[in-house]
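Enquirer: Now for the letters of each chain:
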Amino acid sequence: AQTVTQSQPEMSVQEAETVTLSCTYDTSESDYYLFWYKQPPSRQMILVIRQEAYKQQNATENRFSVNFQKAAKSFSLKISDSQLGDAAMYFCAYRSGGTSYGKLTFGQGTILTVHP
Amino acid sequence: GAGVSQSPSNKVTEKGKDVELRCDPISGHTALYWYRQRLGQGLEFLIYFQGNSAPDKSGLPSDRFSAERTGESVSTLTIQRTQQEDSAVYLCASSLERGGRGKNIQYFGAGTRLSVL
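Sequences listed follow chains A and B, in order.
Each step along the first sequence adds one to the number in my numbering, with nothing skipped, and position 49 is 50.
Each step along the second sequence adds one to the number in my numbering, with nothing skipped, and position 83 is 173.
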């Protein structure tokens, strides 16, 4: 079974600064997808960024980028120019590849606080 | 609808009662998922439905939990004889199956917060 570990229960950053959230995972599969989701107090999970394991290039979405190290099974999220609206719980998630659907396996989450 | 809708938003029940939680997926989405999120923790997979295939029930924690889906629309998660450890937020997600390599994204509802007294 796959596992996802987020070792930072809480992180904080000053507005406009950069912060990196860590995630490691364990799998014996070679085909899979990795995700970062954001969960604000409204509870609704919002997809931040997605990475296909077969792609070596790190995914980027505006101020959000990942550092995907497949051999080390590491998938960190970097948030640049942090904004107050970035404050939320962030979850790393894994999904097996090979099909276009399937359950997500989540880490325990990291609470991000952004200080003005 | 525009997004995944879940009802009720909050539910308080007494231990031993049965509860039903409802999920309306995004129109046209063939896959529907249920997850449970205990306080301060990550999401745990419960069950998912994909088209006409048999549902994957591998995450259901006990036989008190069951779920149904009508075609490719509404789903209901039922918890019988609720226990205090069932208190959690129950989140539903849906996705559109695409052919070939999995590009689907799971879109989540805002969840139902269940409190068992």
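Keep in mind that the hints were calculated from the coordinates and are not lab data.
Beta carbons: idealized from backbone N, C-alpha and C, even for Gly.
The reader is advised that the hints may include incorrect statements.
[What the hints assert, rightly or not] Here are the in silico distance ranges between beta carbons for each label pair:
| hint | chain 1 | residue 1 | chain 2 | residue 2 | range |
| --- | --- | --- | --- | --- | --- |
| 1 | A | T4 | B | T103 | 28 to 34 Å |
| 2 | B | Q131 | A | Y55 | 44 to 50 Å |
| 3 | B | A92 | A | T21 | 32 to 38 Å |
| 4 | B | K107 | A | Y55 | 20 to 26 Å |
| 5 | B | Q170 | A | Q58 | 46 to 52 Å |
| 6 | B | L207 | A | T4 | 20 to 26 Å |
| 7 | B | R112 | A | I112 | 26 to 32 Å |
Enquirer: Hint by hint, note whether the structure agrees.
Expert: Here is how each hint holds up against the structure:
1. Range check, A/T4 to B/T103: Cβ separation about 32 Å, and the 28 to 34 Å hint holds.
2. Taking the beta carbon of each, B/Q131 and A/Y55 are about 30 Å apart, not inside 44 to 50 Å as hinted.
3. Between B/A92 and A/T21, the C-beta spacing of about 33 Å keeps the proposed range 32 to 38 Å intact.
4. Checked against the hint of 20 to 26 Å, the C-beta distance between B/K107 and A/Y55 comes to roughly 48 Å, which is inconsistent with it.
5. The supplied range of 46 to 52 Å is met by B/Q170 and A/Q58, whose beta-carbon atoms lie about 48 Å from each other.
6. Taking 20 to 26 Å as the suggested C-beta distance range, the pair B/L207 and A/T4 does not conform, at roughly 33 Å.
7. The hint said 26 to 32 Å for the Cβ distance between B/R112 and A/I112, and at roughly 29 Å that hint holds.
Going through the hint list in order, the structure does not satisfy hints 2, 4 and 6.
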